[in-house]
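Colleague: If you want the building blocks of each chain, they are given just below.
There are 2 protein chains.
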Amino acid sequence: MGRFTSIAASAALLALASAQTFQRLGTCPTLGCILPPDQADFLPGQYFDLRFEVHAPVNGSEAFNNGVPDEQFSVSITKEGGETKSITEFFKVKEPALEKWNFTWYEDLFAVDAKTPSLVNVASKVFRQLAIYEPGNYAVTLNFYGSEQTVANWVVRPLATKRKAKNVILFIGDGMTTNMITAARLLGHKSINGKYQSLLKLDEFPVIGHQMTHSIDSFITDSANSASALYSGHKSTVNAMGVYADSSKSTFDDPKVETIIELLVRIWDSAWGAVSTAAIADATPIALAGHSRSRYDYGYLVETTLNGLSNYTWTKSGGPDVWFGGGAEQFYPGKDSFNGQDYYAKFAEAGYAIANNKTALAALGNDKRALGIFCKSHFPVWLDRNVLKDNLSGFKNDPFAGKEPALDLPGQKEMTLKAIDILHKRGGDKGFFLMSEAASIDKQMHALDYDRALGDLLELDDTVRATIAHLEEIGELENTLVLVTSDHGHGFDVFGGADTKYLTEATGDRQKRRAVGTYAESGLSQYTVPVEGVSYGTGPNFPVNWDPRYAIASGFSANPDHRENYKLNPKPRKVVEELVDDDYYVNPSDAPGGFVVNGTLPVSESSGVHSLTDVAVFAMGPCQETFGGVYGNIDIFYKMANCLGLARPDAGKGGSCGSH
Amino acid sequence: MGRFTSIAASAALLALASAQTFQRLGTCPTLGCILPPDQADFLPGQYFDLRFEVHAPVNGSEAFNNGVPDEQFSVSITKEGGETKSITEFFKVKEPALEKWNFTWYEDLFAVDAKTPSLVNVASKVFRQLAIYEPGNYAVTLNFYGSEQTVANWVVRPLATKRKAKNVILFIGDGMTTNMITAARLLGHKSINGKYQSLLKLDEFPVIGHQMTHSIDSFITDSANSASALYSGHKSTVNAMGVYADSSKSTFDDPKVETIIELLVRIWDSAWGAVSTAAIADATPIALAGHSRSRYDYGYLVETTLNGLSNYTWTKSGGPDVWFGGGAEQFYPGKDSFNGQDYYAKFAEAGYAIANNKTALAALGNDKRALGIFCKSHFPVWLDRNVLKDNLSGFKNDPFAGKEPALDLPGQKEMTLKAIDILHKRGGDKGFFLMSEAASIDKQMHALDYDRALGDLLELDDTVRATIAHLEEIGELENTLVLVTSDHGHGFDVFGGADTKYLTEATGDRQKRRAVGTYAESGLSQYTVPVEGVSYGTGPNFPVNWDPRYAIASGFSANPDHRENYKLNPKPRKVVEELVDDDYYVNPSDAPGGFVVNGTLPVSESSGVHSLTDVAVFAMGPCQETFGGVYGNIDIFYKMANCLGLARPDAGKGGSCGSH
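Going line by line, the protein sequences match chains A and B.
Quick note: to get the numbering used here, add 2 to the position in the first sequence (first position is 1).
Quick note: to get the numbering used here, add 2 to the position in the second sequence (first position is 1).
The following block holds chain A by itself, in its conformation from the complex:
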């Protein structure tokens, strides 16, 4: 597994194995921390910051040295087979100043209940914007408290400098699992006697892989650090992106890692863009150029994506060529924009064409950089935009003040096709990178609104279908690596069919559950059976009836208390009531006529949560053959970087920092 075995990793002090659910600092089971930690991988020439921390717990089960951290710690690096050098010598950088702070944490739930936090004093140093060029195995050593030692074994992977793909389009179905893809196919495609008469576009991809999504400090990830892993080749901690989380108070000083679009701009001067049906500052789109321990630094992340980091020296991606999504509240001046500033004005000043509705999107030229912000917050979902359109007027989400409804909204498909045209024009021979996210698969799965989630999954598939057709039209299909994957799962599956008429009319929860048919009594999909008077105009690849009497019965491995009637939710779903005494309770107006399912999550949880499952990777185009089999989410970065020829084993272009 790429472990550097010539130097033994000696465990400094004992790991606190009995408190895994809470951690003093993820990636640091001992009192001496190296970030990037043991087992980190790097692209040759990729920029990163390097932080060391020495911890001195004042109280609790780890209390040590009367809470005084060792300020005299020393650090070194050794390339396998080579000599050991100090960090300053190896990277030809100056010794940074010592930093000191403290933080508290809870060792377990009993400590939380007893209100007995553990206090930790810290001494730390950070080295900024380093790079290692020569592939190989490295060991970084932190010596502290006299005899204690933490060793981080790193691998700089030997990867290609030659470019095999001109363009990469990375589709992310947020929270999308194989289970959901299967369910969406059942809803959108007709089968006769077990044979589908049409299939998803995903079903035509020649290569499938499975990626492991777990976080660095937890086996369940969130969308920030999973996106960051896909884009940077470094796993992070929950809610962090583009950095390894340290224990300091600031969310902006954590050690950074360079992302794929930063590398692509620096090395090939390619065009790049992001499309999302979420707020553009939401984790998955913003992690392309975002560096923060907290995904909630929305305004800061918009500012730094446009103008680069100002707190520390760092590579500049120069701002996206295309940025289409929601999240207007980070753009119009107000409490949610960075320092209350007008980011529509700032983007216009930077030369961006700006679109705020579908009509203006279509009218955009392809020469200028473009910002398209179409609504406040996340997009209303495909089902509300295309089938239950009356719901749109209930939103207060216009892109200027968010007080009127945004009614002229594009979908993922329109945004993606326009983005390709602009990137194709602006990237020219230098190619482009586009990330296009179907965000509400995840958001609606959190809400347990399965129909809305699956509608957005079908929209993603429809977007992939249109993208491939469009790439063929413009002559770029064979130059473009198209990937469709996800960042994590939700424990969703379909387990039968429900007679919703019987369910609604039956009395009592136990009798209502009789309406659920399993195995043979699941029957066949009725979502593809035409019904007189029902037509949404949404064409092929979508259900012809979203609310059949015999509906799919589906559920969640993790859920809050809620009610199920298995019918289409005419309005976006809210399964629980507002918080009462720190607890949520079943929303009496949700799923009328349904039966109550009590949950498996803490009663303070109002929605479903992410799950462990590996998620699929569908690949088509140059380098597709490298995406088969099972691998980690970070490997998608290395496979894309390899295909784009981004490795710089000999400093290469832009190699002004770092050494050998």
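Hint data in this document are derived by calculation from the structure and do not stem from the laboratory.
You may find that some hints are simply not true.
Since copy identity is lost for identical chains, a pair holds within one copy or between any two.
Said to hold, decoys possible - BS3-like cross-link-like pairs, simulated, lysine-lysine; straight-line CA separation at most 30 Å:
#1 K405 x K94
#2 K503 x K117
#3 K192 x K81
#4 K166 x K432
#5 K96 x K192
#6 K251 x K94
#7 K405 x K360
#8 K192 x K398
We have chain A already, so just place chain B on it with the hints.
Modeller: Using the frame of chain A, we list chain B on its own:
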């Protein structure tokens, strides 16, 4: 999708679209039925029976012709571009006698509650052991009631006659999903800072595909008809194998299809065998040579696997070369064996060496055919055989009378390795086909006993690892296509970590749920952290601690009422109490100290149920490249048959029946 478009399929009478959950006869929405039905695929030269039925409902919403079925129906077949011929002319067979019967069914749950069944009279004919050799599109037409017509469009696929793989080993993890594989990896393999230090053997397979598991008449399958689809290239109805289910009373007269082992014996005279940790007469192993509408015809299926069918002419597979599993009650004389006979004696008479425990298994020679039946019913699971061994003495499952515990039990690995040696010897240059099933992944998921299910998944992976090593040792690795797949899923996923100490000590269900940590609070796997005094001797690739304080929190999209404490169940799990007034209730002795989760399934359901999700296919060896992408479960048969050169487009060996 291979649909024959030159002849329009006219829908005879209206489909009963409002009663999908119950069906008069799956595959037959009109009153005229053809089996194999519309959309069926065939291997060139594959034997099959052909049944026609004309239905006359006496009452109910479909009542027609005063309940008198048309006995004068006529049938024909047309090859695309060719002339229309009668069935007797095309296949050069005699006209069979007319059969008549009736049956009842319920149109929906309201009809069940009201006790108002619908009666249907039937006229039918069946043609036995036909074959079509020439690849192409065919239309079979049933004319009835004067002007009504049902058309079945069939595809005889153009496949290879040349053999690319000498051997095929097909591993089936019954009910295994990607979600479960991910969870098993987490339990059995250690990771440091997000990087696994070892992986599953499955993770090394170069090619991954996804197979769609849905049944022909329902989107949720059972293990009989999914196994049958994998083995025959024909989807069937729930609980059926090797036949298309008709509406007659007998479960033995339904129209049959030839399976891969029947083809392999007939065409190449290869050796074949089955290994299972279930009863050998359980659906997955018995479907290799089984033909019945009911998977519950256990004794009959054992008899016909050994001696072939006696009720109708059919190809004989000659009995397996190796048959290792449980299910002794079909072998020792008694109520569960066919006609009460002694099948140990019958197999011995047929020349089989017989082993009834692990010691005797190891002592078997490789020359003779071998029967190994090691216990009554299904095997105790890996966890009970290897970790919680005291549980074994609680079983009454010896292989002779099933009254004493079977203590000297082999595992899937020992059975599979021995099976390979015998098949390798007996198959010689003619090669072999082995199916090896990890049965209790499914059985323990039904029981919501996640640890026991995942233990058997790790045993499967360990078996695959040992198999590949052994194939290399005996020089057969590059001659052998190794596939690992599943037959259907369960809606299982892991969604966090649970502090089982806190959960147990907390008071009240809502407080107990606080013990479940999500995202960052999921923490890291503690199943790989050594604990003083805990050692099972099960070596690498298995947990070093099965019962950590911080356990995985997992669940099911479908479940009966039950209680969860997320701890290892020291005894095999039983989540509900016995049936009381047609309902099940939470078992008060299950999951002590846990919280109650009320279910989403009918209260008459005592266990979890199968789910919809596509399942993964892992491929290695000759033809591996044909197993990438998304396809149906029947395609696995065609891909294997293609790799084994089983198509006979010109009658070929053994082509004594059928014509064109």
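Colleague: Could you figure out if K405 and K360 sit no more than 30 Å apart (CA to CA) within one copy, between two copies, both or neither?
Modeller: The answer is within: 19 Å in one copy meets 30 Å, while 74 Å across copies does not.
Colleague: Classify it for me, K503 with K117: is the Cα-Cα distance of at most 30 Å met within a copy, between copies, both or neither?
Modeller: between (51 Å within a copy, 18 Å between copies)
Colleague: At most 30 Å between alpha carbons: which applies to K166 and K432, within, between, both or neither?
Modeller: Only inside one copy: K166 and K432 sit 12 Å apart there, 44 Å across copies, limit 30 Å.
Colleague: Which holds for K192 with K398 at a C-alpha limit of 30 Å: within a copy, between copies, both or neither?
Modeller: neither (37 Å within a copy, 48 Å between copies)
Colleague: As a check of your reading, is K251 near K94 (CA-CA no more than 30 Å) within one copy, between copies, both or neither?
Modeller: within (29 Å within a copy, 86 Å between copies)
Colleague: Evaluate K192 and K81 at a C-alpha cut-off of 30 Å and name the case that applies: within, between, both or neither.
Modeller: Close across copies (25 Å), not inside one copy (58 Å); limit 30 Å.
Colleague: Checking an output row: K405 and K94, CA cutoff 30 Å. Within, between, both or neither?
Modeller: neither (54 Å within a copy, 77 Å between copies)
Colleague: As a check of your reading, is K96 near K192 (CA-CA no more than 30 Å) within one copy, between copies, both or neither?
Modeller: Neither: 66 Å inside a chain and 38 Å across chains, both beyond 30 Å.
Of the hints listed earlier, those the structure fails to meet are numbers 1, 5, 8, in rising order.
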